[in-house]
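*Asks:* With the hints as constraints, model all of the structure from the sequences given.
Take a look at the letters that make up each chain.
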Amino acid sequence: MSADSTALGADRTSGLAGRFANWNVAIIAVTVVVLIVAAATVQNFGTSQNFGFLVLDLLPIALVALPMTLVIVTGEIDLSVASALGLSSAVMGYLWNSNQPIETIIPLCLLLGAVLGAVNGFFVTVLGLPSLAVTIGTLALYRGLAFVVLGDSAVADFPALYTDWVTGSIGGTSIPNVLIIIVALAAVFGVTLHATPIGRAVFAVGASEQAARFAGVRPGRLKFWLYVVSGLVAGLAGVLWTLRYSSARADNGAGLELAVVAAVLLGGVSIFGGKGALPGVIAGVLLLASLQNALRLSDVSNEALNVVTGVLLIVSVLAPNLANAVRGSLQRRRHRTDSTPRPERRH
Amino acid sequence: MSFRISRRFAVPLSAVAVVSLALTACGGGTTKESTANQATAAPTGSSSAAADPNAPLKEGLKIAYLPKQLNNPYTDVEVGGGKVAVEEIKGEYKLVGPNDASASSQVSYINTLIQQQQDVIVVAANDPNAVCPSLNQARKADIKVVTFDSDAAKTCRDAFINQATTQGIGESLVKMASELAGGSGEIAILSATPNATNQNSWIAVMKTELAKPENAKLKLVKIAYGNDDDQKSFTEAQGLLQSYPNLKVIVSPTTVGIAAASRYVSASSYKGKVAITGLGLPNQMRQYVKDGTVKKFALWDPADIGYLAAYAGAALKSGQITGAQGEKFKAGKLGEYTVGADGEIVLGPPTEFTAANIDQFDF
Numbered sequence: 001m002s003a004d005s006t007a008l009g010a011d012r013t014s015g016l017a018g019r020f021a022n023w024n025v026a027i028i029a030v031t032v033v034v035l036i037v038a039a040a041t042v043q044n045f046g047t048s049q050n051f052g053f054l055v056l057d058l059l060p061i062a063l064v065a066l067p068m069t070l071v072i073v074t075g076e077i078d079l080s081v082a083s084a085l086g087l088s089s090a091v092m093g094y095l096w097n098s099n100q101p102i103e104t105i106i107p108l109c110l111l112l113g114a115v116l117g118a119v120n121g122f123f124v125t126v127l128g129l130p131s132l133a134v135t136i137g138t139l140a141l142y143r144g145l146a147f148v149v150l151g152d153s154a155v156a157d158f159p160a161l162y163t164d165w166v167t168g169s170i171g172g173t174s175i176p177n178v179l180i181i182i183v184a185l186a187a188v189f190g191v192t193l194h195a196t197p198i199g200r201a202v203f204a205v206g207a208s209e210q211a212a213r214f215a216g217v218r219p220g221r222l223k224f225w226l227y228v229v230s231g232l233v234a235g236l237a238g239v240l241w242t243l244r245y246s247s248a249r250a251d252n253g254a255g256l257e258l259a260v261v262a263a264v265l266l267g268g269v270s271i272f273g274g275k276g277a278l279p280g281v282i283a284g285v286l287l288l289a290s291l292q293n294a295l296r297l298s299d300v301s302n303e304a305l306n307v308v309t310g311v312l313l314i315v316s317v318l319a320p321n322l323a324n325a326v327r328g329s330l331q332r333r334r335h336r337t338d339s340t341p342r343p344e345r346r347h
Numbered sequence: 001m002s003f004r005i006s007r008r009f010a011v012p013l014s015a016v017a018v019v020s021l022a023l024t025a026c027g028g029g030t031t032k033e034s035t036a037n038q039a040t041a042a043p044t045g046s047s048s049a050a051a052d053p054n055a056p057l058k059e060g061l062k063i064a065y066l067p068k069q070l071n072n073p074y075t076d077v078e079v080g081g082g083k084v085a086v087e088e089i090k091g092e093y094k095l096v097g098p099n100d101a102s103a104s105s106q107v108s109y110i111n112t113l114i115q116q117q118q119d120v121i122v123v124a125a126n127d128p129n130a131v132c133p134s135l136n137q138a139r140k141a142d143i144k145v146v147t148f149d150s151d152a153a154k155t156c157r158d159a160f161i162n163q164a165t166t167q168g169i170g171e172s173l174v175k176m177a178s179e180l181a182g183g184s185g186e187i188a189i190l191s192a193t194p195n196a197t198n199q200n201s202w203i204a205v206m207k208t209e210l211a212k213p214e215n216a217k218l219k220l221v222k223i224a225y226g227n228d229d230d231q232k233s234f235t236e237a238q239g240l241l242q243s244y245p246n247l248k249v250i251v252s253p254t255t256v257g258i259a260a261a262s263r264y265v266s267a268s269s270y271k272g273k274v275a276i277t278g279l280g281l282p283n284q285m286r287q288y289v290k291d292g293t294v295k296k297f298a299l300w301d302p303a304d305i306g307y308l309a310a311y312a313g314a315a316l317k318s319g320q321i322t323g324a325q326g327e328k329f330k331a332g333k334l335g336e337y338t339v340g341a342d343g344e345i346v347l348g349p350p351t352e353f354t355a356a357n358i359d360q361f362d363f
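Residue numbers (full-length UniProt numbering), protein chains in the order written: chain A, 1 to 347; chain B, 1 to 363.
Read the hints as simulated data drawn from the structure, not as lab findings.
Please note that the accuracy of each hint is not assured.
What the hints assert, rightly or not - Just some of the chain B residues that point at chain A, by a computed CB distance under 8 Å:
hint: 1; residue: T30
hint: 2; residue: T35
hint: 3; residue: S108
hint: 4; residue: T112
Ideal placement from N, C-alpha and C gives every residue a C-beta, glycine not left out.
*Replies:* Below is the structure:
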């Protein structure tokens, strides 16, 4: 453990703190600017009611993006999250229809999510299959199962106590109740990633699995549990989605995985693993959601919304690479003048 | 190490568990039955004021259309009719909508329309319940909600434009068949799938109509099923004509069936001897009407649905109606309408298309 933390510590100060703190600061700054500009120029954007709508819209993306960040930092991916969300929703509707108490259904749906995540984890870590292929497979599988469970029908009559809580806000304020869940989970994941040995292990595995193993981390076990948590949160997102729309459907959340991955990458997490920070991801989620909200309020068409999202995503992947290239060429120039040997860097 | 890792995972795990427990702790054993037993006081119409049939129609009303999805040819015709009506009443027309017909994406649009303080939202619900909370939020903000095509739950809209009642369609189909058969003879039905709900309810009405004395000479010899598949419908039409040489009319209440049957008859020796009618799209049927295979068929005019929805919304917002049964309002060129039970406004009998009028329709 000591060996890995010193190795990582060195890497952090030069690579992470240097380079990625920059991207994090940049994305947070861009988000703040967008929020201010939108509030100033877009009519009705800055209202408290719109804030509530905005939070509800980004709720599922924000929740699922948290474990997704950890998964992507280890160099893997989980594309099955939206289907797990849909299956959780479908099962919730099915159990509700068979007259189970909702107090039992909700933990069951969370458990189901964890099991779905464990299936991914099993294939990726025990059988050693590539996570992209595995989770594309379970993306189809879980969505298919959701349709087996509920078919084309929708279950709607969930108790108002619960649906009102999800769509409601705290006391007399306009702060949505669900913001509590987002903030609480973001805090848990943020602390786990940035201030615990687990977080250091996650970065270590993403930077170099072999080095991490030498440092005493068991990458397989770590990834397995990350998939379990990813599934669990997807299950929770399915429950909240169902309650928010008062509608359990097999097609709930279809396509959400792309929005989540987009937000995570926009937040500065490297798709190759090893780099990223949670504040950036939160900013990424908020940036995408508020841009969409503001553009919709300005009557920008849906096609244009997609174009904006796409361009943002490409910029987010391009910008760090460009910065890297520029820094690389600067460094080479320095080498030529210094003629000192270049310190070895791994990425 | 391994144990430590899994124990540390207990932190996020237990955090989630705590959240779920917090949710769970809210009540003791809420089941579908226990909630159903509670008398659900449905929030009825947001407007408590009584209707004033003589209230003038307000000008400058902001009327927004939110169809199931954009870029659908049928929907385009519907909202096109809406645009005409909104211009007639000097309102502001707006069209928004998702590209996917998903339930949740409509909610974001409804929220946006609330923020924009529209006066009327005309919506075709992708999920009758998922849009409900936001529609009710809109109504709280004094926005009138009119549904078309696909109704939302009754408790969250002010009026529903029903394109045609099951009764109206069934009656209209028998009326056309009787006219084409000259009042007597054998007729057959070419339906979609054996378990298609709308088809079967129309056929049930047709049977009731055929049992009436004035239709006693019409004989329904066969109901064939083309499964809304072009090839299968074509073969079924062929089979009907071979099995029943005295057949006078094939009634196909499905756009796929009527087109396939017409295609077969137009190229066969039965052309001019056997009549085809039913529910079809003018653009698909135009050539068969022009070449004489088809004398008449019917469908509601989608443009009229959007048109009527605009007038209904404007009448609601101006206080002419509140959505209660029996209230009357005027809808421009379509004339006067009466609100039915549960806020339903029926467009009327389907429009009949013949060689004389088919060129006026493009959908």
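*Asks:* Now, for every hint given, state plainly whether the structure supports it.
*Replies:* Going through the hints against the structure:
About 5 Å separates the beta-carbon of T30 (chain B) from the nearest beta-carbon of chain A, less than 8 Å, and the hint is met. For T35 (chain B), the shortest C-beta to C-beta distance to chain A is roughly 5 Å, which falls under 8 Å, so the interface hint holds. Given hint, S108 (chain B) at the interface with chain A, holds; its Cβ is 6 Å from that chain's nearest Cβ, closer than 8 Å. Because the beta carbon of T112 (chain B) sits about 5 Å from the nearest beta carbon in chain A, less than 8 Å, this interface hint is met.
In terms of the numbered hints stated before, the structure departs from none.
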